[in-house]
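Visitor: Now for the letters of each chain:
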Amino acid sequence: MSFLSGLFGASSEPIEKEPSASAELFNSTTFRSNVQPSSSSSSASSSSSSSIPQPPTDQPAVPTQTAPTALDAFGTAFDPARLHPLAGLSENLELLQLDEDKLNDIEGSASVLPSRGWTDDLCVGTGTTYLSGLLIGGMWGAKEGLSRPLGNNPSMKLRINSILNGCTRRGSFTGNSLGVLAIFYNLANSSLDSIRGRHDTYNVLGAAALSGAIFKSTAGVRPALVGASIMTAAAGAWSAFKNTV
Amino acid sequence: MSHGDHSRDPCPYVILNDFGGAFAMGAIGGGIWHGIKGARNSPRGERFVGSMSAIKARAPVLGGNFGVWGGLFSTFDCAVKGYRQKEDPWNAIISGFLTGGSLALRAGPRSAFGSAVGCGILLGVFEGVGVLMNRMFAQPIPQMQLPEQAPASPSPAVA
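Here the protein sequences line up with chains E and R, keeping their order. So the first sequence is residues 442 to 686, counted in my numbering. So the second sequence is residues 664 to 822, counted in my numbering.
No lab work stands behind these hints, which were simulated from the structure alone. Mixed in with the good hints, there may be bad ones.
[As the list claims (entries may be wrong)] With a cut-off of at most 27 Å between alpha-carbon atoms, the simulated DSS-like pairs for lysine-lysine come out as follows:
id : chain 1 : residue 1 : chain 2 : residue 2
1  : R       : K719      : E       : K657
2  : E       : K657      : R       : K700
3  : E       : K598      : E       : K584
The task is simple: from the sequences and hints, build the whole structure.
Guide: Set out below in structure tokens:
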């Protein structure tokens, strides 16, 4: 959460991005290596000393510096020794592993916003649903407040108060209910994704049925089944709409 | 966000994320809190029923309160960032002030101002603690070894 990040997420070190004097110096410096590229010199000496005529080479072989490091043995994809021979990067090199930045890699789960896992899905999905519920409920309450009778001496102040009361009553109720439903749905969806290892329409339908049933579970079996079927129908309609678009 | 957090979405979209995160935090935390409280306040034998009804009645409301607070804060934070073109602790303090003020707006200007100042102070304390923690736990940046200055007439590297 951003408003708590000052308290909890502040341990990340600031990354220096300004062009510093050392970076300018680094770029303006020509690195002079006393290490002769061994492959080119050896080929030159062998061609001069051998009696067998060899085809003339137009350009010398590209000196490839392959210093054997411990990383070669492990066969990692990123070889720091290739950066520069004088940089001395082959040892004491710490690589930053940004696990938080990894995107969601479950198959077929790409959506409008890039997601970094189930917490991101939960937050964005719940936020969108809650906000739309708040807006819809607010409009419903505003309509109700606009048409409510005000008694024998109506005034503008009373009308505004009535509208605001309607907004806060209907808006918060609709938003809260939809938001809780979205929490259930997103939790079920992410759980099904990780259990099955991929994301498809069956997951959506199953998660919708589960969330509808949980949301209505305290009212009895019949309302729970009704809620599950309504949610499944809504999710199926949404999936069909998304597939056609 | 005073430290340039690059692991989050850019500004207009992060509002949705914060709305949902705050709502989920309030609703789930409120579910746990009111579940325990409802169970403790119920007579023996009806603890589960009391707990469930307390959760149903109060957890969504708490989630809504959290969500509105967090979403308004994030909206104001984005607006303040866009206006000031800066990221520092003052962003959070200003948006806390605005959030507290706008949430208490219906109680009158005097009460709104008091609430705004309270929220601003709270966020100021949060940011101050964050800065202090950052100072305490940050490792010193190691001194970079500078290479030799190049000579005036650079000779070819492979002689």
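Visitor: Would you check the hint for E/K657 and R/K700, treating anything up to 27 Å between C-alpha atoms as holding?
Guide: Satisfied, since the Cα-Cα distance of roughly 22 Å is no more than 27 Å.
Visitor: Is R/K719 within 27 Å of E/K657, Cα to Cα?
Guide: Roughly 11 Å between the alpha carbons, so the hint for R/K719 and E/K657 holds.
Visitor: Against the 27 Å threshold, does the CA-CA distance of E/K598 and E/K584 hold or violate the hint?
Guide: Status holds; Cα separation ~16 Å.
Against the hints set out earlier in the document, no violation occurs for any number.
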